[in-house]
Each structure stands twice: as structure tokens, then as C-alpha cells.
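**Student:** Chains as they are written, first to last, in the numbering used here: chain H, 1 to 162; chain U, 1 to 179; chain Z, 1 to 399.
Treat the hints loosely; a few may be bogus.
As the list claims (entries may be wrong) - Chain U residues, not near chain H, derived (Cβ > 10 Å throughout):
1) W26
2) H47
3) I55
4) H59
5) K76
6) S110
7) G116
8) C130
9) R143
To be verified - Examples of chain U residues toward chain Z, derived with CB under 10 Å:
10) G20
11) G31
12) I40
13) S43
14) T44
15) S45
16) M77
17) C100
18) C103
19) D118
20) P122
21) P128
Just so you know, these hints were derived from the structure itself, not from any lab.
Where is the CB? At the ideal position from N, CA and C, for every residue including glycine.
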Amino acid sequence: MSAKALIDHVKEATGAVEREEVTPQGQVALHVTPANWHVVAEHLRRCPRCNFSMFNWLSAVDMEDDGFEVIAHLYSASSLQAVNLKTMVPREGGSVPTLTGLWRGASFHERECWEMFGIDFAGHPHLVKLLLAEPFVGNPLRKEFVLMTREAKEWPGAKEPE
Amino acid sequence: MGVVDKVNLPQPVKFVFNWGRKYSLWVMNFGLACCAIELIAASTSRHDFMRLGVIPVAHGPRQADLLVVAGTLTDKMAPALKRVWDQMPEPKYCISFGSCSNCGGPFWDSYSVTKGVDQIVPVDVYVPGCPPRPEALLEGIIRLQTQIADESLKERFERQRREAIVVGGPVGPVDLSNR
Amino acid sequence: MAGREGAGVAVSDPTMLPGGPGEGIALDVAGSSRFATEEMILNIGPQHPSTHGVLRMVITLDGELIIDAEPVIGYMHRGFEKMAEVRDYRQIIALVNRHDWLSAFGNELGVVLGVEALMEIEVPERAQWIRTLLAEWNRVLNHLMFMGSFGLELGAMTPMFYAFREREEIQGLLEAATGGRMHFTYNRIGGLKEDLPRGFLKESSRLAKVVRHRLGDYEGLLLGNEIFKKRTVGIGKLPAAVALEYGCTGPILQAAGVAEDSRKTEPYLKYSEVDFEVPVGENGDSFDRFWVLYRRIEESLKIVEQCHDKIPAGPIMPGKMPKNIKPPEGWIYSRTENSLGETGYYIVSRGGKEPWRMKMRTPSFSNVSMIPYLLRGVLVPDLISVLGSVFFVVGDVDR
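With the rest of the complex left out, here is chain H (with noise of 0.2 Å):
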């Protein structure tokens, strides 16, 4: 299918995408809200036209104030498609169903995703620190998370024409 077939057709069958985004390189964005995260994901796994069996990957981007913006990457095999599944959480106390009953694949990049973002699966069955040293406090990947030898020591080549 075409991007605007899909995004149609899921827009149809769900009533659930907030807004849709297609990129000027064709890629295709649907931005759904947390509550409607498993719903839109069921029907983008279960559906035979849409069928994206394959779980790519699965992470944030940290928005500032408007929160995080969680994003689900799935491709479909038989239909050659990729869709990027899009929700803002908001900084404190973000949660976001899980989506390990769909997708076994999920589980690690969910793990992955709390421990650097802070966001809560709700429902993931084994919620604990995957890449980082259990003693570890942080959330990494958070803006406000700074590097602290580039705090200590500033980078020699900084000094660089802009």
C-alpha cells in the first residue's frame, strides 16, 4: 500500500491517529495518544492488510518541555512498509502501555527505553536496568542528564570556525 492508503486505512479501521506525518524522503509518522498506544499497535500487528509482524525498534526523543515523544519502528515483511508509531508522554511520571504481548522483541528495547529515559511500561514483565551498572542513578539520555567530563574539562577542539 501507499503511505496515504495506510495511513488511511488505519485512520479507518481505528479512528485513533491524532495526526499523521509523511516526510519529504516518504516516511510515514502516525501520532496516536498513550491510551490509544496498544490499540493502534494491535491493528497495525493483527490486521492482514497492514500485517507488521516485524518489531524493529522502539525509543524516545527527549522534547524539552512538551514532554518525550515515544516511538515505536514497524516494518512489515510481506508489504516491504515501514511505519513509525508516534505518542508524547510528559516528563514526570510518562507511562505507556507495553507492547510485549505483541511483539516479544519489544521487551529489551523497553527495558532499554526506561532506564534511559525515565518512561514507565506499563504491564512489561520485567521492568530492570538492561545496558546500565545496577549502581547507576540517572536517567542518561534525559537533556538534563549532562556529560560531566565536558562539564570538568572543556574539548580542546571547540575552538572551531562556525
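Assemble chains U and Z onto chain H, guided by the hints.
**Tutor:** Chains U and Z only, in chain H's frame:
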């Protein structure tokens, strides 16, 4: 060990002892990251550090006397490195291979990298590069062998005993005064 | 969960069971009524000669049978994504070489293609062909390493030395062009750092013939070897649907029967103008994964030989590029078929010279998450064979 570590050996005996030790270093491969590939390349046919006497026996740290830390050491991995180092019997040597293990390397500003393996273990030879060529490892081993040739075992053991008491050793301060 | 109740051991992550959460497996736990067996938790790693680097596995054993396996990763986590936010795009090319350290050129390509697409830069023809050529040589380098190391884990020492003999020659070739044996840093936004040295193509075609001729050694030593076959055929079967769920890509997915290869489905560079096949396995077991790797080397050499004839003369950069690259605001997900699978970079730009966010999608991360599924019900000696056949590089897993 008895006499050897308490007495300054006379030159001919010292020469023979050190010559035997420097040409039979058994290496514990602590290959962590990209430098591990160059370490393996140094052990295969073209560069071959086996001709220097360094045998990549992987039976475990208990039978090794040279530790080559090749690659980035992260804070999560550091306790494992300390454990392996402590399991090695003295006299033991350490080569830090690559700029990540020398000083943190390209990840100098990371939140999870130990900036330099010498924070955990005492290093004898630093081999710079990212990754260093296998020939650089051969040079590092030869430098280490030169160091060993000039070494007095008494001073070596005294230094390691001092470090064991100060650092705390594997299980806390150990009283070595009666050994 | 049927069969697990008597064991009385909680499963660490039920999503990792075949069948998914809520479903169980009917596993016949060995042990007679007179001889009660207890489960043992064995820790493998993080420093262990047979895992490719610092991967730790915590396995629950009943005798020699693995009941549960949990990979503990993060021992090589260096924080690439955070570091990318404070580096400009030229520095990121040098940084990103180092996560999948066996296929550095392919890593660079992903970033560079993403930024070029965002900025709508037209890369000259010559640069695109040279990139294709070097990317394929890099793929051969990567696969040769696994040819050697997989054999080594199963006890065959000779293929290791043969593989490194080939690798040394190819590394010498790439060093002549890029200056590096492993971390090339040859790509630039818009093209390449500098043109190929004189005599490169002649040497490259000679080497392609030599490597192709020597590939027969691996076939004889490993693929046709009875011991190798006994240890890998039928072990570690991965069905296609499960592989897709976990996000596996690359040789693992192709061995499971899915012909998903970004070079064919979403061609980038000059892959649409060269003729090659994507080898697809039948059973999805360890032997098939290894066989797919072997066939991929052959196909890569085919592409390399075709590139030799087709590289046009011309510039390698589209004019003078600014020193500080500032892509317009927006986001892009650029993916390439790297040696181990699909390597993707999700780059969010806010107009600055550093990216606002760069998410790295690495193939080994997804491949390793699938290991517990493969290891259920496998014996400990087969653990080595299965773990070795899931080709991963720990830097790629942890970033």
C-alpha cells in the same frame, strides 16, 4: 617462593631467571572491544606473537602471567577485570592495549566508561593506537621483556605486597609479614 | 505453565518463552522418581573465551539441559547515543565506526546516507560506486571473521588461521585506500575523503579472485565436515515468524527463510544496478545460518567484481562542502543492510551542527534478545554452537 623474592640475586643468576621468565609469558586475553580483533590478528600467522614466547593459553587467569587488556573498560565490567587480575598469581604483568584502556580513548566523555584501566590494575606497558597495529603489540611485548630483563624480583614482590596491603587485595588487608 | 510448576523456579522474563506471555512450554525435565535432580544456576561470562566478547549468560540447568537462559548485557555500553548529541556530524562518522567494529564502513554509510537524504545532497556517481565496492569488501571481512570464530568454538582451529590470512590481505587493500585497518573513517557527508590510490582496482580484482579461490577451503573444512554437520544441523531452529517478532535481521532472518535484505527491498547506493542473489535458508538452524554467511561472501565477491568494471571517472565530492554541516529541521530513519543485519540511524535534527537525537538501531541487539528462545531445551555443548551461530558483536549489542 622462599629465597628468590627476599634476596637481591647476583647478576648471572638474575640474568638466567629473568631470561626464562620473559620468554615464556603466558597471556590472558582480556579482549573487550575492537582492539581484541587486532590482538587476535597479532596471534595469527602473519604477525604471530607466539615466536616471542607469548602463548595465548586461555585456560584461565590462574595459569597466566600476562594480562593484555584490549578494548574499552566500562564501569559495569571493571569489577570483573579486578577479579581476573586478583586471580592471577604473582609475578604478573599488564599491558594496556589501545587508547580506550590507556585513558578512555574516543569515549573520554562517556558516562559509563572507565577512563583508563590503570585505575583498576597497575599497568606496565601502554600501547597507544585506535586500534594499534599488531606490530605495535609486538613492540609492546618486547618493551615489557626488556623491563623484565632488568627487573629485580625482590623489588617486584615488595611492590606487589605493598599494593596488596594498601588496595586491600581480594578479600581485605592481608598480613604478609610471615611469608 | 505446564511442566514448570514442579520446578518451582520463576522464569526471569516470560515474554521470552516460546508462545509468549501466559503460554507455557511442555518441557520434559529429566530425572526419575528415585533420583531427584535439582536445578543449578550457572553464570557464563562476562569474560569467557567462547562468547564473542563480554556477553554474560545466566543459565538455569537441569543436568546438561538448559531450562532458562538470560543474557545480561551492558558490559560494553559506552553511551554512543548520548555522545552523539554533543558531537557534530563529522565527528559522529568517526564515532560510529566503533559499535559494530567488524564492519566499520557499513556503519558510517548509515549516518552519511541519512544526513545526505535530509539535506538532499546529490552524491557523485563515482563516490557511490566506490562506496558500494568498499561496503562489500567490508562485508567479506566481517563474514570471514565469523567463518573463523565459529569453527574455533566448535574445536576447529585451522579455519581461524585461514580466515585471518584472508583478512590480513583485504585489510591491507582497504588500508591503502582509507588509511585504517579497521576503523576507516573514509566516508564524508556528500562523498568520500579522497580518491582511490592508483592501482587499487587492479589489486582489488586480483584479491577478489584469490579470496574466491580460497573459499573452497572453508567449504571443505567446515561445510562438508561430518563433525560440524552433526553439531549444527537441526540445532537452534528459529522459525521465521518468531525471528520477525524479535526484530532479527540479516543472515539470521535469511536463514529462517525470509528473503529480507535492504539491498534488494529498498536499494541504496548502486545495489539496484548490480546483479546478486540473496541466499535463503530452509530450516533456520545453526548450519543454515553458517551456510547463508558463506553464500553471502560469494555474492559479495560477485558485486565487487561487477563494481570494478562500472566505476566511472569523476569527482568524489559534490563541490565544496561547508565545514559545519547543518541539516534542516526534521527526522529520518536511514537503514542499510550491514553485515550482521539491518543497521539503522534515526536522526532528529533541529538545524544545529549536532543532531538533537541519534537513535542507533543495531542488528545484534535484536539478535541477542532472541537467544533465550533458541536456548530453551538445548544441551550445554550445543549452547556454544547456538551462541556462535547467532552472529553478533558485543559493541553492536550495547552501543
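**Student:** Against each hint, give a clear statement of whether it holds in the structure.
**Tutor:** Hints versus structure:
1. With a minimum CB-CB distance of about 31 Å to chain H, U/W26 clears the 10 Å threshold, and the non-interface call stands.
2. Even its closest Cβ contact with chain H, about 33 Å, leaves U/H47 beyond 10 Å, as expected for a residue assigned away from the interface.
3. U/I55, annotated as away from the interface, keeps every beta carbon of chain H farther than 10 Å; the closest lies near 33 Å.
4. Against chain H, the non-interface label of U/H59 holds: every CB pair exceeds 10 Å, the least being about 29 Å.
5. With a least CB separation of 4 Å from chain H, U/K76 falls inside the 10 Å interface cut-off, contrary to its annotation.
6. The Cβ of U/S110 sits about 7 Å from the closest Cβ of chain H, inside the 10 Å cut-off, so the non-interface label is violated.
7. Consistency note on U/G116: stated as away from chain H, and its beta-carbon is indeed over 10 Å from all of that chain's, at 12 Å minimum.
8. Even its closest Cβ contact with chain H, about 16 Å, leaves U/C130 beyond 10 Å, as expected for a residue assigned away from the interface.
9. With a least beta-carbon separation of about 29 Å from chain H, U/R143 lies farther than 10 Å from that chain, consistent with its non-interface assignment.
10. Here the hint on U/G20 is broken, as its CB sits about 27 Å from the closest CB of chain Z, past 10 Å.
11. With a cut of 10 Å, the hint placing U/G31 at the interface with chain Z holds, because the nearest CB-to-CB distance is about 7 Å.
12. The interface hint given for U/I40 holds, since its Cβ lies 7 Å from the closest Cβ of chain Z, which is under the 10 Å cut-off.
13. Given the 10 Å rule on beta carbons, the hint for U/S43 holds: about 9 Å separates it from the nearest Cβ of chain Z.
14. The criterion of a C-beta within 10 Å of any C-beta in chain Z is met by U/T44, whose closest approach is roughly 4 Å, and the hint holds.
15. The interface hint given for U/S45 holds, since its Cβ lies 5 Å from the closest Cβ of chain Z, which is under the 10 Å cut-off.
16. Here the hint on U/M77 is kept, as its CB sits about 4 Å from the closest CB of chain Z, short of 10 Å.
17. Checking U/C100 against chain Z by beta carbon gives a least distance of about 9 Å; that is within 10 Å, so the hint holds.
18. Of the supplied interface hints, the one on U/C103 is violated, with its beta-carbon coming no nearer than about 14 Å to a beta-carbon of chain Z, more than 10 Å.
19. For U/D118, the suggested interface contact is broken, since its CB lies about 19 Å from the closest CB of chain Z, more than 10 Å.
20. Interface restraint check: U/P122 against chain Z, minimum CB-CB distance 19 Å, threshold 10 Å, status violated.
21. Interface restraint check for U/P128: the shortest CB-CB distance to chain Z comes to about 15 Å, outside 10 Å, so the restraint is violated.
The structure shown violates the earlier hints numbered 5, 6, 10, 18, 19, 20, 21.
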